[in-house]
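Generate coordinates for the entire structure from the input sequences, incorporating the hints supplied.
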Amino acid sequence: MAEGVVVTGMGIVSSIGFNVDETLHSLMIGKTGIGKISILETIHRDEFVLGEIKLTHQQLMEKLGVDLNLPWTRTALLGVWAARQAYQSAGLSKNSGKRIGLVSASTVGGMDRSELYYKDFLTDAIHKSHIDTHHAGNSTEMIADDLNIHDYLTTISTACSSSLNSIMFGARLLKHNLLDAVIVGGTDALSRFTLNGFNTLMILDHEHCRPFDATRRGLNLGEGAGYLVLERTSDAIAGKKQVIAQVAGYANANDAFHQTASSDNGEGPFLAMQRAVAKAGITPQDIDYINVHGTGTDNNDLTEGVAMKRLFGDHVPLFSSTKAFTGHTLGATGVIESIISILSMNIDKVFPNINFKEVIEEINFVPVSQLTDLNINHVLTNSFGFGGNDSSVVFSKVPSNISRS
Amino acid sequence: MEALIEKLKEQIIKQLNLEDITPADINEEDSLFGEGLGLDSIDALELIVLLEKEYGIRIENPKDGQKIFFSIKTMAEFIQEHQKK
Amino acid sequence: MMLAPTYIDGSGAVVPQPTVNQDKFLEEILEYNERFLQVVSPVYKDYIDVKLLRRMSKIVKMSIVSARVAMQQAGVDQVDAIMTGTGMGCQIDTEKFLNAMIENGETLLTPTSFIQSTHNTMGGQIALMLGNKNHNLTYVHRTFSFESALLDAMMMIAEKEAQKVLVGGIDEITDESWLIKTQIDYYKKHACKNSEVYNDLQPGALSGEGSAFFVLSADRSEKTYAQLKGVSTLYKPRSNKELEDFIKRFLVTSELGLSDIDLVIMGNNGDPVFDRVYEDLATGLLKTIPTGRFKHLCGEYDTASSFALWIASGILRHQHVPSTISQHPFKGRTPKNILIYNHFRNINHSLILVSTPDAS
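Protein chains in written order, with our numbering: chain X, 1 to 405; chain Z, 406 to 490; chain R, 491 to 850.
A few of these clues could be false.
Below, computed lysine to any residue pairings styled on SDA-like, alpha-carbon distance capped at 25 Å [what the hints assert, rightly or not]: (1) Z:472 to X:257; (2) X:128 to R:835; (3) R:541 to X:263; (4) R:679 to X:132; (5) X:94 to R:736; (6) Z:419 to R:595; (7) X:128 to R:623; (8) R:623 to X:284; (9) X:128 to R:592; (10) X:279 to R:623; (11) R:726 to X:258; (12) R:541 to Z:438; (13) R:586 to Z:425; (14) R:731 to X:263; (15) Z:468 to X:258; (16) R:541 to Z:429.
So, partial list: chain R residues that the calculated Cβ filter (under 8 Å) puts toward chain X [what the hints assert, rightly or not]: (17) 578; (18) 604; (19) 627; (20) 634; (21) 645.
It should be emphasised that the hints constitute simulated quantities derived from the structure, not laboratory data.
Heads up, the beta-carbon is just placed ideally off N, CA and C, and yes, glycines get one too.
Following this line, the structure appears as structure tokens:
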């Protein structure tokens with residue numbers, strides 16, 4: 001049971017890059033993926049900016065070379081793209097005799113197609129084949145079929161904290177020896193449904209979002225997918241695998257305060273961070289960098305800040321939100337920021353919280369706003385969501401006696 | 406003003422699905438949030454849409470809602486001041 | 491897979507049959523002749539604060555009632571974790587927002603239905619009601635949803651991260667979601683008598699809805715009436731043999747043989763094409779074991795296996811197999827080990843094993 005779990009592969013696609021290298025490059029040069037809407041068909045095109053992946057549905061299908069006769073959703077396509085990268089980078093293969101599982105997260109599921117065809121579903125159903133792509137597990141099965149995964153699959157949906165929970169659940173499946181390798185992460189495509197939904201909450205910024213800034217007015221939505229391959233430490237060493245990071249600690253807590261708003265004292269976020277650090281067997285002072293949830297909404301950044309102050313006191317580690325790069329990718333955000341956190345740790349640099357200018361008076365601490373050198377051994381990443389679902393994960397650097405990527 | 410207040414009460418009951426509450430139960434000066442009717446931030450957003458849909462008044466900053474939606478009376482006063490159509 | 495002893499101390503269900511505040515255990519059942527089956531609504535106000543009730547759609551209300559009943563039965567007012575499974579989530583609120591968005595051309599939309607369209611609404615609302623700040627997860631993988639929640643709960647207990655876990659499976663049906671799925675023959679297009687559903691020749695299943703929650707416990711107590719021995723899933727078996735091997739392997743890891751199983755509760759749903767998978771097993775690998783069926787009581791929905799677990803654990807509690815679930819009068823021995831087998835269109839297969847509690 002005390003067996004550790006490590007990351008042996010990664011795959012990512014978002015508005016700042018179509019793979020790990022491109023993502024790292026954008027983060028290093030401070031290039032955001034957020035901009036004018038050109039893919040999503042919406043009446044709000046000129047009103048908001050988004051972190052879109054600039055490929056149409058057709059272009060995505062062609063790029064991935066998938067079977068065009070299958071009913072693809074954008075969510076599934078993005079998922080397949082990132083999951084293939086993770087699978088390959090971990091050197092997985094279907095004839096290895098390993099039990100391989102897939103734990104994926106999604107909040108919108110196949111809504112990107114459902115919202116186009118919904119009225120037709122009710123009448124003639126010319127787009128019949130898309131009726132069954134609506135449910136949240138569809139993208140998981142499309143990915144599993146693409147990679148020929150049979151041993152275990154499931155899908156998690158806890159709003160914006162979804163994919164940190166898939167990392168957590170996957171790690172536990174390994175610890176119980178129910179699988180030998182597990183692909184964990186999440187995928188969410190942009191849809192009119194989510195854009196309009198967040199618009200009704202009046203928490204979308206019309207400009208580029210400014211996480212942890214006093215003048216913040218809300219979030220920018222984005223889309224993307226990310227997956228990690230997790231294996232038991234002993235198996236990874238025995239198999240001479242590249243070991244990218246250790247999954248050291250994780251926790252999930254509920255704020256139990258309100259359906260959408262966080263409690264004033266940030267109880268849920270505080271408990272998630274505190275328990276994740278404890279699970280990692282370290283103290284809060286050991287955390288070198290936090291990739292915060294930092295959506296840019298009034299409520300999130302303030303309460304996340306309050307929770308950080310409660311846990312770290314006067315010694316809040318360096319922190320930044322990278323949502324001004326990618327936008328808030330909902331079900332994918334936890335894993336996308338996990339990958340960003342791991343990259344940050346492995347090159348010993350903190351990526352900047354771009355667009356920050358003015359400190360929030362009530363919490364009075366400042367995110368890292370320039371690319372900064374820092375020796376990072378332990379990184380904490382946060383994702384918080386509606387329904388009070390709050391999650392945190394700690395990744396730790398791989399000891400030098402184990403091969404590093 | 407009286408008519409507007411009565412109409413507002415009915416519209417609010419309907420929009421917020423306030424079961425078991427009749428217009429007579431709502432005092433126009435009582436606070437809608439907290440102690441009074443016990444509404445919350447989600448209801449405030451619902452009321453913003455109600456103003457736009459029924460009275461053609463758009464509120465851009467949800468923070469403005471706090472003052473406008475203090476009571477039925479403040480809401481009615483705001484509508485009278487801003488109504489264009 | 492054997493994890494650690496996991497006991498069932500309480501259960502509650504809201505389904506299309508009378509199950510709340512009933513002394514009798516499925517002795518008489520409601521007969522329907524409908525396109526789909528809907529839950530028998532309890533008096534929600536008896537369980538939920540009226541102020542909160544106004545926003546809740548059916549799926550949230552039935553979750554809360556069944557969770558409360560399960561907790562009452564287990565004699566607990568707090569749990570260490572809350573796991574929910576739902577295949578389709580909050581269909582009423584999703585449809586409301588989606589229709590409004592399409593019909594109003596993305597204007598004049600209100601937030602309530604959007605907020606409540608997320609799949610974790612039930613888990614979140616239960617946490618809110620209990621003031622519960624612990625581990626809270628929602629699984630949303632069709633007929634694996636409830637099974638994933640059960641597995642998570644069993645792992646939590648094995649890890650000693652939790653003593654008591656609240657686990658539930660919930661799905662709701664709406665006119666629109668029913669209509670949509672009749673277009674692809676998932677559901678029957680015409681009304682059908684639930685008592686005769688297994689002989690109905692129309693394509694598709696008789697659809698339904700329901701909610702069932704359980705309090706699982708790490709320790710056996712005077713409240714304990716059943717033991718959850720295992721849960722396992724199989725995705726897209728490539729042959730009948732693979733399915734049979736899956737069942738055999740499951741029993742081996744549960745340290746039981748086929749002859750130890752006293753009853754198999756099967757998920758037949760009236761779809762003539764896919765019910766064959768059950769029939770093949772009932773006349774093949776499992777032919778020596780008495781079988782029961784339950785979807786004529788609740789209809790087909792993604793988390794219907796949670797109601798099967800409610801029935802199975804109820805049989806162990808009452809030491810009696812109700813005639814309403816068995817095809818032939820039950821003549822076997824009083825069940826000690828009950829296997830639940832369910833599948834969705836030969837894609838997602840699952841097994842749950844529940845037994846009388848081990849002496850310990």
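Okay, the hints, checked on the actual structure:
no.	hint	verdict
1	Z:472 to X:257	holds, 24 Å
2	X:128 to R:835	holds, 17 Å
3	R:541 to X:263	holds, 20 Å
4	R:679 to X:132	holds, 17 Å
5	X:94 to R:736	holds, 19 Å
6	Z:419 to R:595	holds, 23 Å
7	X:128 to R:623	violated, 42 Å
8	R:623 to X:284	holds, 20 Å
9	X:128 to R:592	holds, 19 Å
10	X:279 to R:623	holds, 17 Å
11	R:726 to X:258	violated, 40 Å
12	R:541 to Z:438	holds, 13 Å
13	R:586 to Z:425	holds, 23 Å
14	R:731 to X:263	violated, 53 Å
15	Z:468 to X:258	holds, 18 Å
16	R:541 to Z:429	holds, 18 Å
17	578	holds, 6 Å
18	604	holds, 4 Å
19	627	holds, 6 Å
20	634	holds, 5 Å
21	645	holds, 5 Å
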